[in-house]
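4 protein chains.
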Amino acid sequence: MLKVGVVGASGYVGGETLRLLVNHPDVEISMVTSRQHVGEYLHRIQPSLKGFTDLTFSELDYDKLTDKCDVVFTAVPHGTATEIVKALYDRGIKIIDLSADYRLHNQEAYDKWYGWEHPHPDYLAKSVFGVPELHREQIKKAQLVSCPGCMAVTSMLALAPLIRNDIIDTEHIIVDSKIGSSGAGSGSGTAHAMRAGVIRPYKPAKHRHTGEIEQELSEIAGKKIRVSMSPHAVDVVRGILCTNHTFLKKDIEEKELWKLYRQAYGEEKFIRLIRDKKGLYKFPDPKFLVGSNFCDIGFDIDEDNNRLIAMSASDNLMKGAAGSAIQNMNVMCGFDEMDGLRYTPLTPV
Amino acid sequence: MLKVGVVGASGYVGGETLRLLVNHPDVEISMVTSRQHVGEYLHRIQPSLKGFTDLTFSELDYDKLTDKCDVVFTAVPHGTATEIVKALYDRGIKIIDLSADYRLHNQEAYDKWYGWEHPHPDYLAKSVFGVPELHREQIKKAQLVSCPGCMAVTSMLALAPLIRNDIIDTEHIIVDSKIGSSGAGSGSGTAHAMRAGVIRPYKPAKHRHTGEIEQELSEIAGKKIRVSMSPHAVDVVRGILCTNHTFLKKDIEEKELWKLYRQAYGEEKFIRLIRDKKGLYKFPDPKFLVGSNFCDIGFDIDEDNNRLIAMSASDNLMKGAAGSAIQNMNVMCGFDEMDGLRYTPLTPV
Amino acid sequence: MLKVGVVGASGYVGGETLRLLVNHPDVEISMVTSRQHVGEYLHRIQPSLKGFTDLTFSELDYDKLTDKCDVVFTAVPHGTATEIVKALYDRGIKIIDLSADYRLHNQEAYDKWYGWEHPHPDYLAKSVFGVPELHREQIKKAQLVSCPGCMAVTSMLALAPLIRNDIIDTEHIIVDSKIGSSGAGSGSGTAHAMRAGVIRPYKPAKHRHTGEIEQELSEIAGKKIRVSMSPHAVDVVRGILCTNHTFLKKDIEEKELWKLYRQAYGEEKFIRLIRDKKGLYKFPDPKFLVGSNFCDIGFDIDEDNNRLIAMSASDNLMKGAAGSAIQNMNVMCGFDEMDGLRYTPLTPV
Amino acid sequence: MLKVGVVGASGYVGGETLRLLVNHPDVEISMVTSRQHVGEYLHRIQPSLKGFTDLTFSELDYDKLTDKCDVVFTAVPHGTATEIVKALYDRGIKIIDLSADYRLHNQEAYDKWYGWEHPHPDYLAKSVFGVPELHREQIKKAQLVSCPGCMAVTSMLALAPLIRNDIIDTEHIIVDSKIGSSGAGSGSGTAHAMRAGVIRPYKPAKHRHTGEIEQELSEIAGKKIRVSMSPHAVDVVRGILCTNHTFLKKDIEEKELWKLYRQAYGEEKFIRLIRDKKGLYKFPDPKFLVGSNFCDIGFDIDEDNNRLIAMSASDNLMKGAAGSAIQNMNVMCGFDEMDGLRYTPLTPV
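Protein chains in written order, with this note's numbering: chain V, 986 to 1334; chain Z, 986 to 1334; chain Y, 986 to 1334; chain D, 986 to 1334.
In isolation and in its complexed conformation, chain V is listed as follows:
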């Protein structure tokens, strides 16, 4: 059994990671840390785990972590993982980082998107961007994998095949995303009365996840790709929909597009192509993904404007965070990629 630790286990992402780990067939949880809750039972802070574990929170202690764990998940707020990840890396341990601190490949990108100087820029190159559908071979060999931002991974999975096949106008890529309240993290949520019923634009320009999307798409394209992203808060707890508005460079038939997507993802276990003319589920909708690790992708064509609307949906705590983390662990450790992730979506919920 692989021994794993979770640093920052009191938040939503840490809790979801633990939800998956307690039922994962190949691992045992050796240590969980949280600065504020040392000594407390895990299930008092993560009530859903009551009955599944008797673990208590420990202090963050690099030596103990290294001693007790083969793999450590770091689920701390952005900006606070830089030191933790480096310390663990230097001790030779495998790390799956759920913060943004090792996602971008260079220091300039942190300046631009986060507004702070990265203290360990030389470690950025050691980190693999944790999307197995794009970087599986690298992840297999990585010591440090950085999980993608929830909106970033959801959007880029829909856009990647379009960029790779060079069929869209790369000057006008618009990602209009909609996301639930758990995306804000457990430390910073708006009170229910002010958050319920919102359709609230936030950061209509310059959202940080833009940096990751551009990085990954540019790498695929072999040239600088710009993306226009605008996220919105809507009244769900879990769920992301990215409506990726693009313009086709030339006429292309619907069945050709499906072929491109099947080529890209036909073998992928966690990507489902959604296509139905009738029935309940014609286009991706995170309502039908809650609790699962899928990214559902579909599209529609607006011939009048030569527009291709590629839609992608996910559960932001799963494929958008903890699910991707476990998927990365499975790849890094040679497990079946679906181990511990065979959850159907919960419907209706």
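Calculated from the structure, these hints are not laboratory results. Note that the coordinates shown come from a computational prediction; the quantities given were computed from them, not determined experimentally. Hints are not guaranteed to be accurate.
A pair counts as met if it fits within one copy or between any two copies, since identical chains are not told apart.
[Said to hold, decoys possible] Subject to a maximum C-alpha distance of 30 Å in a straight line, what follows is the list of computed DSSO-like cross-link-like pairs (lysine-lysine):
(1) LYS1254 - LYS1240
(2) LYS1235 - LYS1209
(3) LYS1188 - LYS1262
(4) LYS1188 - LYS1244
(5) LYS1126 - LYS1071
(6) LYS1111 - LYS1126
(7) LYS1240 - LYS1191
(8) LYS1208 - LYS1235
(9) LYS1208 - LYS1188
(10) LYS1263 - LYS1111
(11) LYS1126 - LYS1209
(12) LYS1188 - LYS1240
(13) LYS1097 - LYS1049
(14) LYS1097 - LYS1235
(15) LYS1262 - LYS1244
(16) LYS1234 - LYS1191
(17) LYS1097 - LYS1254
(18) LYS1254 - LYS988
(19) LYS1188 - LYS1234
(20) LYS1126 - LYS1053
(21) LYS1244 - LYS1234
(22) LYS1097 - LYS1263
(23) LYS1234 - LYS1208
Given the structure of chain V, go ahead and fit chains Z, Y and D onto it with the hints provided.
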């Protein structure tokens, strides 16, 4: 006191129109009709009106309507108003139509967007498109006013000044809209368990409201304007947000843009320009508009992509339907335009 | 025009009071205070008021308040109104207090239900409990009126006629109430992700509002009445339902019960008796009361157990707070009791 | 591998049963039926199963079911299972019925609670009431198990230990329950706009589940027990809270009560006793149970009134339906009772 009638008073839009009329200082309600509920008390079908009126539903009878009413609101489903409006028009009565049946100016547009042949195309020219902010002078003199679609009016109010001042690339106008469940009408809603928590794309291409937006913007531009519209269902009951993604033709400063909007709407009572760097309300959000007749407009600039994100929000049953209808009545009948519409938004709700 | 002030205008209750005041035909708002927001525009904190007022927040200054206002509403947190109310009272001004600080008639009750000693117990007798349906004549003459707790007023209005007519077993009165998130106040709400979808018992025993209900029902009964109250948080923003489970002392016919309620409330403008065998609205439900000042009351009989289930619903920010406050002002100042409160519920919302 | 069939696989309960079955380690699904969807892929109607099964819907054919299946789940609407269950029973197959048709033990009970005459009253005695915590030994040997009503099982699990130990006044047992929209079934839900935000009493007296609770508690007590039940619809999709208000016959200490509950359920895998003075989870709340098979139970004492408030929560589609069905199958077939049910709740959701 102006005597008014409401045809189709059992739905959400008819109910909202009546909610406004029972407290309107200048009118009395003479007659309400509903095929299914003849003889029933209005408040059994519209429980919020209990205590405000003892009216009962009548059958649709053109002569009685003409006899009893100075103005008639028609709030019947799309496609069923064509005959009713014509019959009332021929009797010389003023009509405010809340269906889509007289919004478009020509038969081809009905072919394209609705897929049916309009039975009275010669009456289309008699109808004024009911957005006072765009057509106030015509509405003053009109016998027939057709209220706009909820997403259409919300979007076009944000886009009109940009088109009028010719500052955006008209080849890449994307309207990504998000709307609540009351927009579906009382006859066709999805059950709660399947509708709660959705972020569901519907008609990502070719939505009918596109036709109205293109019609109005083309009229302003003096040339054919195309709009790429994609609506989404989200988990609110009332509310629309339109995120209008546009690309600037040339650099333009933020303060210049505010000036354009102030020029366009500075005198308008039902348009509020939203602009705050801190606080709760930085960008338009229908959460802060529930029950009011406002359309809130704001924008942000994405310099990296020369993108202007113009956002507009409204309550789809108010400015998007019944509120516009009352506003049109006020203009047509010479009342103060705010009469019966001085509602602050309800917050929080 | 009556000149009014609002102390503590930045919260939900203060905001709702102002929403009603800006459209009240008989008043003008002279002054609003908030410790944290001095100098700020009111509408930055209360965005729904944008376009309705240009007031800015002032510091709390008793002399200025006395100078500028005929009536002051105090909408500060429980425990912080004791001094403010006394200071204003001593200056001879009329006060409508929205906190709990002057609701209970004696010091022991504060010990028991709030756990603190009231600093001005001699002022408790000066305060009239602000439910016009129970104390209208006293309110007319009062200088200080204390508005009831939201669940307390909703429950007691359903129970009062049953107690007055001595038809229920007073040993087994159970008030099971359900309430929305705005009841928590703007300062203390749970984050959306943790509050959405709850059906959460809180204070199943010993909730503070019990004290008010017992006080008022005991006064009606002429003997000590005990009430077993258990509130629950549910996923709405506004709204209270009280399910008042009682046991009948002897058989009584349904029509007799309706007669008792009609006798009690037949003339009351803000109480609606709900009784329908079919249709949408068979029993009280706050869904159909949003934004209005009504308390809807209905009942059902469980013959098997001789149980009478008296149900009552309200909007907790209206009849449960700001609406009652305005109603009290109208009574105190000789205005029509419905002035500024002629709002139909907003449906659907 | 056990071969199972599901009759009525297109609804919420059938879908949830299939969600559990596709990942159950001991079974394979041989056949699913639905009158309306014969020939259709299962995942078009149950989109969450896409990727988990390629089954198509068959017609209901007793011979084929008997031929292909060891166990059949019947998940058809109440009143329509009477014939199906009898036909399968007569063919010697094991049946787990999710309708109400074989829950009550005698014909009079169907008259009283359902208002129809049971066509096969002699089969009622063959059916075991499917609550393993109460009838495990009988279920082991049963050919036909009838799963309990969702509110019934949730309530009775909290009340059973109190009745068994004879510590409460059995004349005043009040079950105030709150339930989500999925409880209505897929065929009969109210549209979102009218269901969102409700706190709606329905059947405040004489709800059908009362019959089951009384049957089971009376059996435990050895005398007729009456229960006063009142359900309410609230704005969640999944979840039930039962607030069971009872009055203690004599003083009893809190720790004694915990002891009784531990004695009753200490060994039970799907019952968790909830008791915390601080933290997020002090009392049962279905928010923290979504997707799991737990029934969480806790209580509070109201000394003023000698009232014991026993609270119980569950996911109505899991412990309240499909989860209980799988648990029953596990018991009937000698599997580990937790097989296929080791789901942590999904939090937050």
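Tested hints:
{"no.": "1", "hint": "LYS1254 - LYS1240", "result": "within (22 Å within a copy, 50 Å between copies)"}
{"no.": "2", "hint": "LYS1235 - LYS1209", "result": "both (21 Å within a copy, 22 Å between copies)"}
{"no.": "3", "hint": "LYS1188 - LYS1262", "result": "between (34 Å within a copy, 11 Å between copies)"}
{"no.": "4", "hint": "LYS1188 - LYS1244", "result": "between (35 Å within a copy, 22 Å between copies)"}
{"no.": "5", "hint": "LYS1126 - LYS1071", "result": "within (18 Å within a copy, 59 Å between copies)"}
{"no.": "6", "hint": "LYS1111 - LYS1126", "result": "within (11 Å within a copy, 60 Å between copies)"}
{"no.": "7", "hint": "LYS1240 - LYS1191", "result": "between (35 Å within a copy, 19 Å between copies)"}
{"no.": "8", "hint": "LYS1208 - LYS1235", "result": "both (20 Å within a copy, 24 Å between copies)"}
{"no.": "9", "hint": "LYS1208 - LYS1188", "result": "within (26 Å within a copy, 33 Å between copies)"}
{"no.": "10", "hint": "LYS1263 - LYS1111", "result": "neither (47 Å within a copy, 38 Å between copies)"}
{"no.": "11", "hint": "LYS1126 - LYS1209", "result": "within (27 Å within a copy, 56 Å between copies)"}
{"no.": "12", "hint": "LYS1188 - LYS1240", "result": "between (36 Å within a copy, 19 Å between copies)"}
{"no.": "13", "hint": "LYS1097 - LYS1049", "result": "neither (36 Å within a copy, 50 Å between copies)"}
{"no.": "14", "hint": "LYS1097 - LYS1235", "result": "between (34 Å within a copy, 23 Å between copies)"}
{"no.": "15", "hint": "LYS1262 - LYS1244", "result": "within (18 Å within a copy, 46 Å between copies)"}
{"no.": "16", "hint": "LYS1234 - LYS1191", "result": "both (26 Å within a copy, 20 Å between copies)"}
{"no.": "17", "hint": "LYS1097 - LYS1254", "result": "neither (35 Å within a copy, 41 Å between copies)"}
{"no.": "18", "hint": "LYS1254 - LYS988", "result": "both (25 Å within a copy, 26 Å between copies)"}
{"no.": "19", "hint": "LYS1188 - LYS1234", "result": "both (29 Å within a copy, 22 Å between copies)"}
{"no.": "20", "hint": "LYS1126 - LYS1053", "result": "within (22 Å within a copy, 47 Å between copies)"}
{"no.": "21", "hint": "LYS1244 - LYS1234", "result": "within (17 Å within a copy, 36 Å between copies)"}
{"no.": "22", "hint": "LYS1097 - LYS1263", "result": "between (44 Å within a copy, 22 Å between copies)"}
{"no.": "23", "hint": "LYS1234 - LYS1208", "result": "both (17 Å within a copy, 24 Å between copies)"}
Hints 10, 13, 17 from the list above are not met by this structure, while the remaining hints are.
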